[in-house]
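Novice: Sequence:
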Amino acid sequence: MSAENLQGELYRSAPLAMEKEWIDYNGHLNMAYYNVVFDRGGDEFLAELGFGPKYAAERKLTIYTAEVHICYVQEIHLDHIVTVTSQLIDFDAKRLHTYNEIVHQDGWVAATAEVMSLHVDMNGPKVVPFPDDILPTLERYKEAHSQLQLPARVGRSIGIKRK
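Note that the working numbering has the sequence shown beginning at 30, numbered continuously upward.
One or more of the hints may lead you astray.
[Stated by the list, open to error] No more than 16 angstroms apart at the CA atoms, straight line, and that leaves these computed lysine to aspartate or glutamate pairs for EDC-like:
hint, residue 1, residue 2
1, K171, D121
2, K83, D162
3, K123, E87
4, K49, E104
5, K171, E77
6, K171, E38
Derived from the structure by calculation, the hints contain no laboratory data.
Sequences and hints are given; from them, build the entire structure.
Specialist: Shown next as structure tokens:
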């Protein structure tokens with residue numbers, strides 16, 4: 030999907046199959062591997078934004094994850110096929126705020142991840158501003174994704190609410 034043809038749609042990764050080694054003794058996807066699935070699908074979105082392997086290799090610039098908030102919604106099993114949807118919530122000169130969902134092939138949400146990422150000069154490493162040639166793609170995605178409803182889980186915090 031090109032940034033010019035977004036029409037307010039989420040980015041959707043290629044289908045991802047589960048691997049036998051990812052399934053724990055409870056018979057479902059181990060919590061650590063939800064991160065692997067989010068990482069693989071999220072990397073596709075980052076490449077769409079212009080931050081893929083070629084960007085890192087040629088420019089020595091990349092994206093690092095600073096913070097992730099995952100919600101485990103429904104179990105994933107070995108025979109499940111999923112995709113990862115991604116929405117650019119916001120960005121500034123050096124950071125990306127994204128929201129991702131692992132979506133089962135039947136349409137239900139298995140997990141959500143809200144992510145804060147940093148743009149990094151790999152020579153430091155140090156956080157640096159996005160190059161000017163990347164900004165138009167970020168702007169197009171932010172504009173298109175701002176037409177979508179803000180996901181209910183964006184901005185959540187962890188805590189025990191007392192009455």
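Novice: The structure should be examined with respect to each hint, and the outcome stated for every one.
Specialist: Now the hints, each set against the structure:
1. K171 / D121: Holds. K171 to D121 sits at ~11 angstroms (cutoff 16 angstroms).
2. K83 / D162: 15 angstroms, holds
3. K123 / E87: Violated: K123 and E87 sit about 19 angstroms apart, past 16 angstroms.
4. K49 / E104: 15 angstroms, holds
5. K171 / E77: Judged against 16 angstroms, a Cα distance of about 13 angstroms means the pair holds.
6. K171 / E38: 11 angstroms, holds
The structure is inconsistent with hint 3 alone, although it conforms to all the rest.
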